[in-house]
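Participant: Given only the sequences and the hints, what does the whole structure look like? Please build it.
The numbering of the sequence shown is our numbering, which starts it at 3 and goes up by one.
Please keep in mind that the hints were generated in silico from the structure rather than gathered at the bench. Be careful, since some hints might not be right.
[As the list claims (entries may be wrong)] Calculated pairs, DSS-like style, for lysine-lysine (alpha carbon to alpha carbon, straight line, at most 30 Å):
1) Lys-55 with Lys-86
2) Lys-55 with Lys-66
3) Lys-66 with Lys-106
4) Lys-106 with Lys-73
[Claimed, not checked] Estimated spans, in silico, between C-beta atoms of each pair:
5) Asp-4 with Glu-102: 46 to 52 Å
6) Asp-108 with Phe-71: 23 to 29 Å
7) Thr-11 with Thr-82: 16 to 22 Å
Every residue, glycine too, gets a C-beta built ideally from N, C-alpha and C.
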Amino acid sequence: MDQLLFIETGFGIDVHGQDVTTAAVRAVMDAIHRNSMPGIAGLLPENDLNNMKVTIRLAVPMDKELLDFDKIRAEIPYGTVVIKVMDGGMVTPSGIVLKEKNDKNDLMYIVNASVEVGY
Numbered sequence: 003m004d005q006l007l008f009i010e011t012g013f014g015i016d017v018h019g020q021d022v023t024t025a026a027v028r029a030v031m032d033a034i035h036r037n038s039m040p041g042i043a044g045l046l047p048e049n050d051l052n053n054m055k056v057t058i059r060l061a062v063p064m065d066k067e068l069l070d071f072d073k074i075r076a077e078i079p080y081g082t083v084v085i086k087v088m089d090g091g092m093v094t095p096s097g098i099v100l101k102e103k104n105d106k107n108d109l110m111y112i113v114n115a116s117v118e119v120g121y
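Facilitator: Here it is, written out as structure tokens:
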């Protein structure tokens, strides 16, 4: 990315099911879904949203190898998306195991996301 325009941050939790991808998708959604960027196209090369470059940084507490990058990438509707994963986030007890929610244990997975937008 040659020019960074802005950074959005968010977090996501999978309370039941211990699915790190679910938590990561929710973190990206949290970062981007309270924003409107009406002038972004005018800042991009050729005024084209497809020229946008997006870097998603995820702080993931465990099960990084189980991340579904395609599902995470699908949250960004335009441009080229790069995903970078690092240690972080949090695992904490939910206090209850719900088998009908596919719980393997009582842990909640919390993922932090940074979404960098530029060109």
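Participant: Compare the structure with each hint and give your call.
Facilitator: Evaluated hints:
Between Lys-55 and Lys-86, the direct Cα distance comes to roughly 14 Å. Compliance with the 30 Å bound is thereby established for this hinted pair. Between the alpha carbons of Lys-55 and Lys-66 the distance comes to roughly 23 Å, so the proposed pair stays at or under 30 Å and holds. The hinted pair formed by Lys-66 and Lys-106 meets the criterion: a straight-line CA distance of about 17 Å does not exceed 30 Å. A distance of roughly 22 Å separates the Cα atoms of Lys-106 and Lys-73; the hinted pair therefore holds under the 30 Å criterion.
Our hint of 46 to 52 Å for Asp-4 and Glu-102 holds, since their Cβ atoms are close to 49 Å apart. In this structure the hint that Asp-108 and Phe-71 lie 23 to 29 Å apart at CB holds, the actual value being about 27 Å. With their beta carbons about 20 Å apart, Thr-11 and Thr-82 fall inside the hinted range of 16 to 22 Å.
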